[in-house]
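There are 2 protein chains.
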Amino acid sequence: MRQKITLREVGLRDGLQIHPTFMQTRDKLAWIMAEAATGIPEIEVTSYVPPKLIPQFADSGPVTEGALRIPGLTVTALIPNLRGAQRGLELGVHKLNFVMSVSQTHNMKNVRRSPEESAADFRDIAALIRSHPEAKRPVICGSLSTALGCSYEGRIAVSQVVKYAVQLAEAGAQEIVIADTVGYADPNQVRIVFKAVLAEVGSLPVAAHFHDTRGTGLANVCAALDCGITMFDASLAGLGGCPFAPGASGNVVMEDLCFMLDSMGYETGVDLQTLIKVRELVSNALPDISMQGALARAGLPRGYVTTAERVAVQ
Amino acid sequence: MRQKITLREVGLRDGLQIHPTFMQTRDKLAWIMAEAATGIPEIEVTSYVPPKLIPQFADSGPVTEGALRIPGLTVTALIPNLRGAQRGLELGVHKLNFVMSVSQTHNMKNVRRSPEESAADFRDIAALIRSHPEAKRPVICGSLSTALGCSYEGRIAVSQVVKYAVQLAEAGAQEIVIADTVGYADPNQVRIVFKAVLAEVGSLPVAAHFHDTRGTGLANVCAALDCGITMFDASLAGLGGCPFAPGASGNVVMEDLCFMLDSMGYETGVDLQTLIKVRELVSNALPDISMQGALARAGLPRGYVTTAERVAVQ
Numbered sequence: 001m002r003q004k005i006t007l008r009e010v011g012l013r014d015g016l017q018i019h020p021t022f023m024q025t026r027d028k029l030a031w032i033m034a035e036a037a038t039g040i041p042e043i044e045v046t047s048y049v050p051p052k053l054i055p056q057f058a059d060s061g062p063v064t065e066g067a068l069r070i071p072g073l074t075v076t077a078l079i080p081n082l083r084g085a086q087r088g089l090e091l092g093v094h095k096l097n098f099v100m101s102v103s104q105t106h107n108m109k110n111v112r113r114s115p116e117e118s119a120a121d122f123r124d125i126a127a128l129i130r131s132h133p134e135a136k137r138p139v140i141c142g143s144l145s146t147a148l149g150c151s152y153e154g155r156i157a158v159s160q161v162v163k164y165a166v167q168l169a170e171a172g173a174q175e176i177v178i179a180d181t182v183g184y185a186d187p188n189q190v191r192i193v194f195k196a197v198l199a200e201v202g203s204l205p206v207a208a209h210f211h212d213t214r215g216t217g218l219a220n221v222c223a224a225l226d227c228g229i230t231m232f233d234a235s236l237a238g239l240g241g242c243p244f245a246p247g248a249s250g251n252v253v254m255e256d257l258c259f260m261l262d263s264m265g266y267e268t269g270v271d272l273q274t275l276i277k278v279r280e281l282v283s284n285a286l287p288d289i290s291m292q293g294a295l296a297r298a299g300l301p302r303g304y305v306t307t308a309e310r311v312a313v314q
Numbered sequence: 001m002r003q004k005i006t007l008r009e010v011g012l013r014d015g016l017q018i019h020p021t022f023m024q025t026r027d028k029l030a031w032i033m034a035e036a037a038t039g040i041p042e043i044e045v046t047s048y049v050p051p052k053l054i055p056q057f058a059d060s061g062p063v064t065e066g067a068l069r070i071p072g073l074t075v076t077a078l079i080p081n082l083r084g085a086q087r088g089l090e091l092g093v094h095k096l097n098f099v100m101s102v103s104q105t106h107n108m109k110n111v112r113r114s115p116e117e118s119a120a121d122f123r124d125i126a127a128l129i130r131s132h133p134e135a136k137r138p139v140i141c142g143s144l145s146t147a148l149g150c151s152y153e154g155r156i157a158v159s160q161v162v163k164y165a166v167q168l169a170e171a172g173a174q175e176i177v178i179a180d181t182v183g184y185a186d187p188n189q190v191r192i193v194f195k196a197v198l199a200e201v202g203s204l205p206v207a208a209h210f211h212d213t214r215g216t217g218l219a220n221v222c223a224a225l226d227c228g229i230t231m232f233d234a235s236l237a238g239l240g241g242c243p244f245a246p247g248a249s250g251n252v253v254m255e256d257l258c259f260m261l262d263s264m265g266y267e268t269g270v271d272l273q274t275l276i277k278v279r280e281l282v283s284n285a286l287p288d289i290s291m292q293g294a295l296a297r298a299g300l301p302r303g304y305v306t307t308a309e310r311v312a313v314q
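Residue numbers (this note's numbering), protein chains in the order written: chain A, 1 to 314; chain B, 1 to 314.
Some clues are possibly wrong.
Listed below are the simulated SDA-like cross-link pairs for lysine to any residue, each with C-alpha atoms no more than 20 Å apart in a straight line [claimed, not checked]: (1) A:Lys4 - B:Asn188; (2) B:Lys195 - A:Gly265; (3) B:Lys195 - A:Asp226; (4) A:Lys195 - B:Asp226; (5) B:Lys4 - A:Asn188; (6) B:Lys109 - A:Arg302; (7) A:Lys109 - B:Arg302; (8) B:Lys4 - B:Ile229.
So, partial list: chain A residues that the calculated Cβ filter (under 7 Å) puts toward chain B [stated by the list, open to error]: (9) Gly149; (10) Pro187; (11) Thr216.
These aren't lab readings, by the way, just hints derived from the structure by calculation. By construction, the Cβ of each residue, glycine as well, lies at the ideal position given by its N, Cα and C atoms.
Please construct the entire structure, taking both the sequences and the accompanying hints into account.
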């Protein structure tokens with residue numbers, strides 16, 4: 001049995017949030033539909049923040065509703081606070097991804113709260129969700145950004161990452177995400193941080209969110225795989241960045257990640273060739289966006305048989 | 001004690017060989033000198049091939065002579081055959097890097113010989129070097145290109161890689177290089193191939209030469225590190241490619257590799273900040289060359305202290 005890896009597309013949220021041109025709702029939905037059709041099981045489709053703050057997410061309602069009509073897709077949205085959680089409950093989104101930053105400075109800039117205040121907010125959010133009818137409760141996920149470094153504060157103490165991971169887990173998070181928001185991590189640091197987090201909250205699924213800002217993205221994925229991590233965020237064409245994290249650049253490129261995992265014999269459930277074609281849709285809709293990605297440029301190796309094809313033949 | 005890693009610059013050979021514009025000899029020497037000054041201990045400065053075949057190396061004589069005047073630098077040149085070895089002996093280069101391809105088709109296109117014929121050539125080369133006065137003998141290194149895949153033949157059998165590694169070692173190679181010429185490898189494949197090679201020729205130093213064609217370059221470096229490999233080829237700004245390997249693109253980016261290793265706590269002996277500055281020299285000399293590299297774009301992490309600086313303070 002091949003080890004299964006869950007890949008989550010975050011380009012519609014992390015990739016679009018810093019992009020100055022509004023992507024039309026129909027284009028977002030076409031992207032979501034096309035990528036879901038490649039076998040990506042989960043997509044973070046938007047963020048429930050005031051449109052005044054990030055105009056790109058002014059259509060969070062229709063995008064969520066459209067995505068929820070796609071059979072089999074887990075539809076996730078980012079929330080920074082209780083208000084965002086309320087919006088998610090109204091819309092019936094499948095999963096809420098609460099994001100707070102371990103870095104005091106980054107969290108203040110991002111949501112004008114200390115990490116302690118954000119962790120307290122999360123307790124209120126979890127309570128709100130628990131008060132909701134069980135059948136309609138979204139999965140609630142706690143993400144720790146700048147967990148592997150911050151462009152304001154530099155190195156972040158592992159103990160701080162573990163402390164907030166435990167607080168989120170104790171408050172009721174059903175999943176923890178450890179994020180290298182600004183691409184500072186190296187594979188040894190990844191091992192140290194993930195092992196420390198897993199030691200405390202390892203009964204929950206723990207996911208990794210890496211940026212490829214300094215070229216170490218896929219190497220960091222391998223280090224996390226070594227720790228037993230099987231859920232990874234990535235974005236098509238490596239779109240991504242944070243408006244309040246100077247120097248942040250794109251997420252790990254989904255196509256490259258998918259290729260590496262498939263080549264290593266992991267099961268992603270994703271059709272690589274179809275995935276590469278989704279890039280066209282995005283670049284046609286947003287001609288001014290910068291598309292990264294080595295696989296799309298180089299193509300699959302000659303005679304390459306995807307893991308899915310290999311298994312189908314056997 | 002930090003583990004020492006030896007980094008070898010191959011951009012002057014692997015990077016320039018496919019570039020249509022001739023880089024002036026003085027510019028090549030300025031590049032070599034500048035990069036040697038950053039602490040890179042070994043540079044493959046040229047290739048002893050007929051200028052008719054690769055005009056970029058028409059100045060292999062003066063480039064070798066100039067590089068040999070740099071104190072402390074190990075000066076290496078690529079050779080495809082006996083004639084190249086003779087030229088290297090005349091010039092007094094420190095190390096000869098004999099390259100043959102494990103792929104029959106690639107080796108035929110590259111040097112118009114079967115791998116068996118190339119391995120036989122290597123025996124003659126090793127004999128020639130042994131006939132040279134001991135004090136003046138260059139180190140002789142055997143490189144196996146397309147060892148992790150070939151753009152003509154696809155997958156390459158591990159047994160073939162091991163077979164030729166053993167043949168080169170038995171003929172007298174003092175070092176073996178395993179090369180992923182066209183960037184097909186994934187980290188699991190790297191582990192399999194390097195372990196198999198080390199099991200047979202592990203008494204010799206074994207180096208890794210990765211291309212980042214599909215984004216897996218640094219992840220593959222980490223997999224090789226896991227196998228105990230401590231010598232890596234890379235090229236400044238990720239220059240590189242092979243004229244007879246369609247779809248090949250650049251080597252692992254030296255600056256990004258250096259950053260990752262330094263960040264992981266390995267000792268490279270290289271001054272990262274100075275290394276990044278060498279890029280300017282190359283792009284000024286060859287404005288039409290495509291420069292890759294994430295670190296140069298993003299800069300070092302805030303508050304980043306290089307391993308060398310950390311140690312100096314302690």
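How the hints compare with the structure:
Taking the CA atoms of Lys4 of chain A and Asn188 of chain B, the gap is about 16 Å. The hint holds against a cut of 20 Å. Taking the CA atoms of Lys195 of chain B and Gly265 of chain A, the gap is about 18 Å. The hint holds against a cut of 20 Å. Proposed proximity of Lys195 of chain B and Asp226 of chain A is supported: the alpha carbons are some 18 Å apart, at most 20 Å. Of the supplied pair hints, the one linking Lys195 of chain A and Asp226 of chain B holds, its CA atoms being roughly 18 Å apart against a limit of 20 Å.
Only pairs whose Cα atoms come within 20 Å are accepted, and Lys4 of chain B paired with Asn188 of chain A is accepted, the gap being roughly 16 Å. Among the hinted pairs, Lys109 of chain B with Arg302 of chain A is consistent with the structure: their alpha-carbon atoms are about 17 Å apart, no more than 20 Å. For the hint pairing Lys109 of chain A with Arg302 of chain B, the CA-to-CA distance comes to about 17 Å; that is within 20 Å, so the pair holds. Restraint check: the Cα-Cα separation between Lys4 of chain B and Ile229 of chain B comes to about 11 Å, which is no more than 20 Å; the hinted pair holds.
The beta carbon of Gly149 of chain A comes within 6 Å of a beta carbon in chain B, closer than 7 Å, and the hint placing it at the interface holds. Contact between Pro187 of chain A and chain B, as hinted, is supported at the beta carbon level, the nearest pair being about 5 Å apart and thus within 7 Å. Checking Thr216 of chain A against chain B by beta carbon gives a least distance of about 5 Å; that is within 7 Å, so the hint holds.
The structure fails none of the hints (numbered hints given earlier).
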